[in-house]
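Asker: Take the given structure of chain A and dock chain B to it, following the hints.
Number of protein chains: 2
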Amino acid sequence: MSGDHGPSVCVPGALEVLREETDLEIVLVGEPGALEPHLAVLSPADRSRVRIQVASQVVGMDEPPREAIRRKKDSSLRRALDLVASGEAKACVSSGNTGALMSTAHFVLGMLEGIERPAIISALPATGGHTCMLDLGANVSATVEQLVQFAIMGAVVAADFFGRERPRVGLLNIGREDIKGNEIVKAAHQRLLASRLEYIGYVEGNDICTGSVDVVVTDGFTGNIALKAMEGIAHMIAGAVREEFTASTARSLGALAAGPALTSLKKRLDPRRYNGASMVGLAGVVIKSHGGADATAFAHAVRVGVLEAQNGVPAQISAQLQAQAA
Amino acid sequence: MSGDHGPSVCVPGALEVLREETDLEIVLVGEPGALEPHLAVLSPADRSRVRIQVASQVVGMDEPPREAIRRKKDSSLRRALDLVASGEAKACVSSGNTGALMSTAHFVLGMLEGIERPAIISALPATGGHTCMLDLGANVSATVEQLVQFAIMGAVVAADFFGRERPRVGLLNIGREDIKGNEIVKAAHQRLLASRLEYIGYVEGNDICTGSVDVVVTDGFTGNIALKAMEGIAHMIAGAVREEFTASTARSLGALAAGPALTSLKKRLDPRRYNGASMVGLAGVVIKSHGGADATAFAHAVRVGVLEAQNGVPAQISAQLQAQAA
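For the record, the sequence lines run as chains A and B. Just so you know, we're using the numbering used here here: the first sequence kicks off at 817 and counts up by one. Just so you know, we're using the numbering used here here: the second sequence kicks off at 817 and counts up by one.
I should point out that these hints are in silico values taken from the structure, not numbers from a laboratory. Any given hint might turn out to be false.
Note: identical chains are not told apart, hence a pair may lie in one copy or across any two.
[What the hints assert, rightly or not] Straight-line distance between alpha carbons at most 20 Å, and here's what the computed EDC-like set of lysine to aspartate or glutamate pairs gives:
(1) K996 with D1110
(2) K996 with E852
(3) K996 with E883
(4) K906 with E961
(5) K889 with E841
(6) K1083 with E981
(7) K1082 with D890
(8) K1002 with D878
(9) K1082 with E932
(10) K1002 with D862
(11) K1082 with E1059
(12) K996 with E879
(13) K996 with D878
(14) K906 with D878
(15) K1083 with E1059
(16) K996 with D890
(17) K889 with E879
(18) K906 with E1059
(19) K889 with E932
(20) K1082 with D994
(21) K906 with D976
This is chain A alone, in the form it adopts within the complex (with noise of 0.2 Å):
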């Protein structure tokens, strides 16, 4: 258990989704005198379905990850990857360090045969639905092997998400045209156009919230840097909205009468509810929260797992690279 919060925000969060999937068994991963007190509110039949695996250190946020892969063999983020390569759990979950998560799952669990790299995918919000991008930053470039192997995932991940067969599949570029983009990505765009994916063409970064594409491939470079800007406008306007209703009290009184209204579209727009990232590409189910996740978001990232964990996605990958090659 790590991330900003630990346990007191990971425990609730991942005892929300038990209560709401009866089928659900959960593996608190850690120290048990940090775990055993967030369980108290449990019915006894709830608790039956919930277990603790010892974990005696744990991985700091910033922690480099070769150094967490070495040393730190008894860490709750290593131990609960080892769950998943012993399959006794079929997802791991967790809030910890990106970097180190992302390499000690590549070196605990290994990638799917075919796979060249893992990607970090997420479902972005779009104009009347959501967005699925990758990579959101699992490597810091891509080869044109790679983009299309990332579109191959996307597509998975996309299907069970939005329940759409053949998901839109669209490549990031500064434009549409042909001519447009570095070589990477118009050799890259010439091999997804003979693909079996429903490959839309090239999109731009404003696509990524029309709801006009289901799939947006990147490198995890532009990827990882397109999230973050696109957060950090999102928060600043946030900030501005909350500025404006505040600036009197005249103003505060118009937020009053304006409540529905804003409390819908603080509900509508909340980033909880997006997340928890899958890294794709692994022969298993991995999830990422945010670090700084509270109760509900971390809870969103466990249904995330568990959504990825019923739908089998590693297989599903594989069974849809095999497809694209045959």
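Answerer: Relative to the frame of chain A, chain B by itself:
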């Protein structure tokens, strides 16, 4: 005169600035028959500060840049840049085809000595003010040397814009630690650490909007996508606000009560206030207005042109390049 709306938007926008700036003279380039009617509103004194330069061709918004250079020697775009090259005009402001404007400007004006590639820079909204970001899409990639030059050019533009002698420069990356990023970014980081700029190190996507940095440096691929992703989510949020406040009669009444806050918010986040991107690195001032700009937005782009011409941005960049090399 091009752009999506042509003279009906560009001329009124330009005249708005003509009235503000009593020393300003404006040359409108295009078909006199299309321009003249819009000048009837001017006083004789103001009219004497406006000249029409005939151009018989228009570069289409989707026309390939190379074709525009070769075949459209009497286009408004080309003629306007010719005026800058001859010294008759101090700045060119266009809402036309971005690629054609950049390529033709490169061809007609040439580059500043020592600058390898032009870049597109613009001020973006940030908490408590603005942030300048470049490159927003003039190039599909950047070398280490080019990123360093972007930093120098960005610092010049930001110094004028913010009236701050040593603007804070940050390099866009997917983390703040030295080990993060690709090889080009890491090498540029080392070069910038050794420079005389007020370099604050790596910044992330969300920092674009926090007001903690004045100049954000990145390659044109990442910069363009980050910019458009931000525009996309801001547009989506604005749509959600509209929807929530018109969902019912009660909600509409709430919006009425919240009117002053909503109006102030709308004004504050109005994208028209950020219109006008500068193409730096060229031997002349060239400003690109958004193709879909209205008169208010186009006027803002003209103001950016006036400011850069008054400050002599190209000469400042040359001086700063020498100072950094010394």
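Asker: For every hint, state whether the structure bears it out.
Answerer: Against the structure, the hints come out as follows:
no.: 1; hint: K996 with D1110; in the structure: neither (41 Å within a copy, 27 Å between copies)
no.: 2; hint: K996 with E852; in the structure: neither (56 Å within a copy, 37 Å between copies)
no.: 3; hint: K996 with E883; in the structure: between (41 Å within a copy, 16 Å between copies)
no.: 4; hint: K906 with E961; in the structure: neither (28 Å within a copy, 48 Å between copies)
no.: 5; hint: K889 with E841; in the structure: neither (24 Å within a copy, 73 Å between copies)
no.: 6; hint: K1083 with E981; in the structure: neither (29 Å within a copy, 43 Å between copies)
no.: 7; hint: K1082 with D890; in the structure: neither (41 Å within a copy, 53 Å between copies)
no.: 8; hint: K1002 with D878; in the structure: between (36 Å within a copy, 19 Å between copies)
no.: 9; hint: K1082 with E932; in the structure: neither (40 Å within a copy, 46 Å between copies)
no.: 10; hint: K1002 with D862; in the structure: neither (53 Å within a copy, 50 Å between copies)
no.: 11; hint: K1082 with E1059; in the structure: both (15 Å within a copy, 13 Å between copies)
no.: 12; hint: K996 with E879; in the structure: between (40 Å within a copy, 13 Å between copies)
no.: 13; hint: K996 with D878; in the structure: between (38 Å within a copy, 12 Å between copies)
no.: 14; hint: K906 with D878; in the structure: neither (27 Å within a copy, 51 Å between copies)
no.: 15; hint: K1083 with E1059; in the structure: both (18 Å within a copy, 14 Å between copies)
no.: 16; hint: K996 with D890; in the structure: neither (49 Å within a copy, 26 Å between copies)
no.: 17; hint: K889 with E879; in the structure: within (14 Å within a copy, 60 Å between copies)
no.: 18; hint: K906 with E1059; in the structure: neither (45 Å within a copy, 40 Å between copies)
no.: 19; hint: K889 with E932; in the structure: neither (25 Å within a copy, 50 Å between copies)
no.: 20; hint: K1082 with D994; in the structure: neither (39 Å within a copy, 36 Å between copies)
no.: 21; hint: K906 with D976; in the structure: within (17 Å within a copy, 57 Å between copies)
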